[in-house]
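Enquirer: If you want the building blocks of each chain, they are given just below.
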Amino acid sequence: MKFKLVGEIAGNYSPIVLMFGFAIVAMAPALILSRMISPRKKGNPVKFLPMECGQVPSGEGRTHFMMQYYPYILMFVVFDVMAIFMYAWGSTLLELPKSATLPMLGFLAIMFGAMAFALYQSGRRRIW
Amino acid sequence: MSVIAPDFKFSKFIQSLISDVVWFVLILSLIGFPLIMMILFFIPMPVIDGELLTPFLAFTYLADPSRTLPIVQSFMMTDMFKIMAFPGFGFAALLAAGTIFVERKMLAKLQLRVGPFYCGKFEGILQLMGDGLKLISKEIIIPAKADKPIFWAAPVLFVASAAAFVALIPVAPGWVVADVDMGLLAVFAVIGFFPIVTILSAWSANSKFPFIGGIRALFQMVSFEIPLILSLLGVVMVTGTLNLSEIAASQSSFPWILFLPVGAIVFFITMLAELERIPFDLPEAESEIVAGWLTELSGMMYGLVQLGTYLKLYAFAALFTVLFLGGWNGPMIVPQFPMELVTEGITLGPITAKIGGLEPLLTQLITPEMINGVLMFVLKTVGVIFFILLPRGVFPRIRVDMLLNLGWHKLIGLAFINIFIALALVYAGVLGPGGLQ
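Chains A and B are the protein sequences, given in the same order.
Residues in the first sequence are numbered consecutively from -8, following my numbering.
Residues in the second sequence are numbered consecutively from 768, following my numbering.
Simulated from the structure, these hints should not be mistaken for lab results.
Not one of these hints is a red herring.
Straight-line C-alpha distance at most 30 Å; calculated BS3-like pairs for lysine-lysine:
no., chain 1, residue 1, chain 2, residue 2
1, A, LYS33, B, LYS905
2, B, LYS915, B, LYS905
3, B, LYS915, A, LYS38
4, B, LYS872, B, LYS888
5, B, LYS901, B, LYS876
6, B, LYS901, A, LYS33
Label-pair distances were calculated between CB atoms; the ranges are:
no., chain 1, residue 1, chain 2, residue 2, range
7, B, VAL1161, A, PHE56, 30 to 38 Å
8, A, PHE(-6), B, ILE803, 34 to 42 Å
9, A, GLU51, B, VAL1161, 36 to 44 Å
10, A, SER90, B, LEU1157, 44 to 52 Å
11, A, ALA109, B, PRO1028, 24 to 32 Å
Yeah, the Cβ is synthetic: ideal placement off N, Cα and C, and Gly gets one too.
Using the sequences and the accompanying hints, generate a full structural model.
Expert: Structure follows, in structure tokens:
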């Protein structure tokens, strides 16, 4: 098995960062050019008020906002990690012995059991 | 009525021209050329005709195509060309611009309208250019009390994230900006940037509508990430690799959509949600919350966000093509180029026209296979883009609870069904080693 240095592997990813940087370098001038050629009138301060359908805004723009369905976010944290674990298993499936699938199925069973319990509780207590 | 201004003097005109030329030459020779030399010092130069290319030699070669074309060829193999032009930014931006025009025209036809019509001679073909000029010349209004640095940076970062996504897409064999072993995981990592940029932009505007839209976008993108990731696991299981080029190459006989249609459907639906397109356009629901998280963006900032959105759309459609439709694989329809025209030249009576350096360019880089691959890839991607655009003319917007119910209960379940289908196909010996090729 051929081992690679960490820097070598990380170096493969540098074009992604370069492309990210290129987009910034190529697109920032569009904003600067627009700022240079477009009119800039101070006008009256109403112009710079946040958009609130023509009314004078009341209160802060960054407020506390009750977003429902909070438990889904908790489920996201669990399922996101689980999905990446499954990639570690799935991408090597062709080389693994078939018995390696059993622990994975057990893992999934535990996850689904927990999810079913959470859904049952939420349905009973009406938390989402 | 005088056409020429009254204080016009021909001698002054000549004088101003001469002074312009003098300044140009002065600045070029004092700053321009030294700067070019300094930059070129750090760039690895190719070897042409057994000689290491220097800037002086490059200027000498300019007149001779047989020595200039190898320079072009070596430039086309650099990372910079790939990033700027072909599989990278330029190519994607071109397709994205085409998408915007086709979307407007197609939507108009679906709703029995005409769409862009007057700009340009034929069917409003120059509408996009006009819109670009309009956007760049409009005033950028920053709302009071906005967090200015973040507000300015967010549109640029949005485009940059979309560009980083484009960098991972293989267009033809060997034509990919970043050919990495963990390509698919890198895609998921880049997708994770979009909600962050969105919520930063929305939070920094200090306005209520962008804030609500940004939270909706965060919610939607984050919760559809799970079915997105799980629906692609089936393809990874049957190919045994995460490298996107290898996944595309593994479909030379049949595309994976034939075996994993459930995964393809789930991925398509999550794609619509990640792209904030109808029926999942809650973050920019124009009839509820003005324009969602785009409300306070004006002028070119809005233009950049639109560019980023369509780059992202192209990248998702291309990802669908690579994973499920076979990428560049397809029937060979591009004819072989008659190479004797290049090697022996074109003879017309006593004159023979022959370009020396063209042969390695056509046999190594721009081969018919590559052109065919790009053609197949673009055809499939345009097809997928068409199906992404189509729901906008057909479906209404759905509610948040319906969205979450769909994402968390139905799509995750279907994604697991897809995984078990893939597992069954591998263990029954249909796919994988010893199976169908």
